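Participant: Model the full assembly from the supplied sequences, consistent with the hints where possible.
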Amino acid sequence: MFALRRWWTRHALTTGMVALAISSAWVLRANDGALLYEAYHWVTRPLQPGMSREQQFENSYILELQQRIVELENQNQALQDLSAYENTLPEDGVRAAVIGRGADHWWQHIVLNRGSRQGVAPGHVVTAPGGLVGRVVAVSPNTSRALLVSDPTSRVGAKVSRSRVMGVVRGQSNNRVVMEFFEKLPDAKAGDVVVTSSYSRLYPRDVPIGRIESLDLTKSPAPEATIQLSSPLPILEWVVIHPFEPLESVDIPTLPTAEDQLTPGEARP
Amino acid sequence: MTPVIRTTSRLPLFKRPWLINSVVTVASVLFCLLLLPTRLPGMELLGVAPHWLLIWVVAWSVKRSQWQAAIAGLVLGLLQDAMTSPHPTHTLSLIVVGVLTARLQKQRYLQEDIVSVALIVFAMAVVAETVLALQISVDQLLVADSLYPPLNKIWLYHQQVALSSAILSSLWAPALYYPLNRWWDRYATES
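Same order as they appear, the protein sequences are chains A and B.
Residue 1 is where the first sequence starts when you use this note's numbering, and the numbers rise one by one after that.
Residue 1 is where the second sequence starts when you use this note's numbering, and the numbers rise one by one after that.
In short, the hints are calculated from the structure, not lab data.
Predicted model, so just to flag it, every value in this text is computed and none were measured.
We treat Cβ as the ideally placed atom computed from N, Cα and C, and that holds for glycine.
Just to be clear, a hint being listed does not mean it is correct.
To be verified - Distance ranges between label pairs, derived from CB positions:
no., chain 1, residue 1, chain 2, residue 2, range
1, A, N74, B, L19, 46 to 54 Å
2, B, I114, A, N87, 37 to 45 Å
3, B, L19, A, N76, 46 to 54 Å
4, A, S220, B, L142, 18 to 26 Å
5, A, R205, B, S146, 20 to 28 Å
6, A, E54, B, V115, 45 to 53 Å
7, B, A82, A, K219, 32 to 40 Å
8, B, V75, A, E54, 34 to 42 Å
9, B, V115, A, A78, 40 to 48 Å
Facilitator: Structure follows, in structure tokens:
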């Protein structure tokens with residue numbers, strides 16, 4: 001008995017540790033090492049993939065489809081805008097996409113994807129939602145090249161819609177245009193709408209061009225107004241080409257219409 | 001000398017070096033022409049794109065004689081006239097660029113590496129736009145009913161165009177110069 005007690009006092013700790021080890025091992029074995037796998041799960045957590053591969057692929061596919069829908073909605077919106085714009089026009093034209101810009105720095109051209117096969121000819125007028133864009137200067141069977149109104153060589157006979165003051169709209173190369181008035185003291189102010197006049201030989205009358213941004217009445221030889229174009233020329237994607245017969249020969253006089261013969265005072269509402 | 005000629009003449013037509021070389025040269029010009037109306041992202045500064053034909057003319061003229069350079073300038077100028085407007089003509093500016101580049105290399109002021117080519121392109125882009133602006137100014141001064149704006153506006157616009165075109169063209173110059181020059185060097189050693 002004494003011997004047993006002495007053994008116990010000497011080996012109690014060891015025995016306890018061994019018993020604990022064996023019993024805990026037994027417990028682990030009894031529930032199939034669930035605790036071990038839980039621990040493994042926690043340790044390897046940073047290395048595990050967040051989602052299964054299939055889920056990931058599925059998710060990215062759904063994202064792609066959603067983004068495609070957004071793009072289609074945007075395209076649809078742009079085409080609906082153009083279609084609504086087309087419906088407001090008295091004559092039908094050819095719808096064309098802008099596929100290129102000027103092949104040079106000094107000319108402001110756009111290249112369109114409709115040409116002589118679709119009935120486009122030089123002299124036809126190009127407009128976009130917003131108003132005048134330019135006119136066709138060259139065609140190939142499937143493309144055409146249009147000179148923008150912002151080109152320095154472009155001249156458009158124009159009038160201020162409110163007061164019927166006449167002038168010439170000239171390009172300034174950097175998507176800005178100016179209007180030179182014929183009169184010394186034109187009745188025009190910032191915000192006035194500018195449209196093509198019936199004196200214009202190259203463009204049909206009453207096509208909107210833009211609004212007057214600022215006026216410089218001291219400019220010599222003629223007072224000048226800076227015009228903000230209403231069609232966004234640098235970011236154009238779609239345009240409409242209208243058939244138009246320009247009056248190239250200067251000999252035929254263009255007769256002013258009754259509307260243009262009104263004096264400014266009468267034309268005002 | 002004679003055996004070389006015999007071996008080349010025995011080759012089928014589509015394998016002869018002069019034919020392959022001209023096909024590659026023409027294809028590179030066509031590639032440049034098709035790049036002109038595009039405005040890819042990164043290739044545009046204030047609405048101005050790199051002047052690809054000018055880069056091509058410089059790459060061609062760096063190691064060639066003045067006459068070859070002038071002819072290349074004439075041909076490419078006519079092609080650009082075809083794509084834009086023949087008045088004023090681009091031939092003059094590209095001929096001047098070609099001849100100047102050919103003369104520059106003769107005097108060996110600069111080494112033939114990519115950086116110096118970018119520098120040449122920068123200077124030549126300014127020269128080309130200046131020649132065009134001069135033509136427009138002469139037209140404005142001499143022709144009675146000229147369509148062009150007054151002189152101060154021409155030269156103000158010239159500053160913008162020349163600077164943006166020079167920066168963009170010189171940055172993109174190695175992209176065209178390097179492969180073309182490699183090809184021409186290889187062709188020269190083979191033949």
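Participant: Next step is simple, just say for each hint if it's right about the structure.
Facilitator: Each hint tested on the structure:
1. N74/A - L19/B: 46 to 54 Å: Holds - the Cβ-Cβ distance for N74/A and L19/B, about 48 Å, lies within 46 to 54 Å.
2. I114/B - N87/A: 37 to 45 Å: violated, 55 Å
3. L19/B - N76/A: 46 to 54 Å: Hint holds: Cβ distance 50 Å, inside 46 to 54 Å.
4. S220/A - L142/B: 18 to 26 Å: Given range 18 to 26 Å: holds, Cβ gap about 22 Å.
5. R205/A - S146/B: 20 to 28 Å: holds, 26 Å
6. E54/A - V115/B: 45 to 53 Å: Given about 52 Å between the Cβ atoms, the range holds.
7. A82/B - K219/A: 32 to 40 Å: Holds, since A82/B and K219/A (Cβ atoms, about 37 Å apart) stay within the stated range.
8. V75/B - E54/A: 34 to 42 Å: violated, 59 Å
9. V115/B - A78/A: 40 to 48 Å: Check passed, 44 Å falls within 40 to 48 Å.
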